[in-house]
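A.B. asks: Fit chain B to the given chain A structure using the hints.
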Amino acid sequence: MTVGHVVVLAGTLFTIGMLGVLSRRNILIVLLSLELMLNSAALAFCAFGDMAGNLDGQIMVFFVIVVAAAEVAIGLAIVIALFRLRVTVDTDRVDLLKQ
Amino acid sequence: MTAFFWLFAVLAVAAAMLAITRRNGVAAALWVALVFVCIAAQFVLMRAYFLAAVEVLVYAGAIMVLFLFVIMLLNLDEKEAARLEGPRLHAAGVVLAALFLTGLVFTVREAGLFEVPIGSQGSMLPAGETGNVARDLFLEFLLPFEIASFLLLAAIVGAVLITKRRLT
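Going down the list, the sequences are from chains A and B.
Every letter in the first sequence is one number past the one before it in this note's numbering, and letter 66, counting from 1, is 66.
Every letter in the second sequence is one number past the one before it in this note's numbering, and letter 10, counting from 1, is 10.
Misleading hints may appear alongside valid ones.
[Unchecked claim] Here are some of the chain A residues that sit facing chain B, going by a computed Cβ distance under 7 Å: (1) G4; (2) V8; (3) L9; (4) L19; (5) G20; (6) A41; (7) L43; (8) M60; (9) V64; (10) A70; (11) V72; (12) A77; (13) L82; (14) L85.
[Claimed, not checked] Covered stretches of chain B (in silico footprint by chain A; criterion: 3 or more residues with CB under 8 Å from a CB of chain A, positions within the stretch not fixed): (15) 6-16; (16) 22-29; (17) 32-39; (18) 42-51; (19) 56-69; (20) 141-151.
Hint data in this document are derived by calculation from the structure and do not stem from the laboratory.
Ideal Cβ placement from N, Cα and C applies to all residues, glycine included.
Isolated chain A (complex conformation) (with noise of 0.2 Å):
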């Protein structure tokens, strides 16, 4: 177990998210592979910690869990307030500015 290895498991989760909000057009699930690549930066935080020798890379994945806290709150809301409007959670039908 290095280094390396846990950068590229945190690549890998990364990349997944990253086509879950590519390929995906439920934002619900939209959302949810941003909590995933949120938390793959937050393992690469930590692994690199490990290697500076202190504290710092924990405490900085310590901010990027509040500040993906505060993203899930606003982003669900966000949804209810688009349900309210379209009654729907497709990201394709999102196009109000269009109108």
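C.D. replies: Structure of chain B alone, referenced to chain A:
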């Protein structure tokens, strides 16, 4: 330790793949919760015990409950869910992902990260226990910590404001 790393790494990747291909939102959320638990296990292997606890409490606990709450609140019917399924994974996306990963592995190898074992700093690196993390957090990172609390406050107020029904 290496055996546990591989166990939780394979489990995390498999659960993530299952999560982004599920049609049912609840199933996807539960698979993502499993990914979070696996990442918490990786934190434990890197001696980041505080982060492992926070990961399980905040991610697998609070955030997943929020997600499940919203999924059940929206109550999508079968027809809508089936319509949303669409093409699952485009070939182009898979190729792009493979390229990205290949580039990443190459870069990591070039940077020599495969020669640095976890815990290479030995006793230089204090264990990521609550006390040690808190000392750094409140002595060195006090300002970012306060800014983070403001961010959370803004998020709470914003979420209430966005979802509030307008009384007209």
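A.B. asks: Now look at each hint and say whether the structure bears it out.
C.D. replies: Hint by hint, here is what the structure shows:
no.	hint	result
1	G4	4 Å, holds
2	V8	6 Å, holds
3	L9	5 Å, holds
4	L19	5 Å, holds
5	G20	3 Å, holds
6	A41	11 Å, violated
7	L43	6 Å, holds
8	M60	9 Å, violated
9	V64	10 Å, violated
10	A70	4 Å, holds
11	V72	5 Å, holds
12	A77	4 Å, holds
13	L82	10 Å, violated
14	L85	11 Å, violated
15	6-16	holds (count 4)
16	22-29	holds (count 4)
17	32-39	holds (count 4)
18	42-51	holds (count 8)
19	56-69	holds (count 6)
20	141-151	holds (count 4)
Hint violations for this structure: numbers 6, 8, 9, 13, 14, all remaining hints satisfied.
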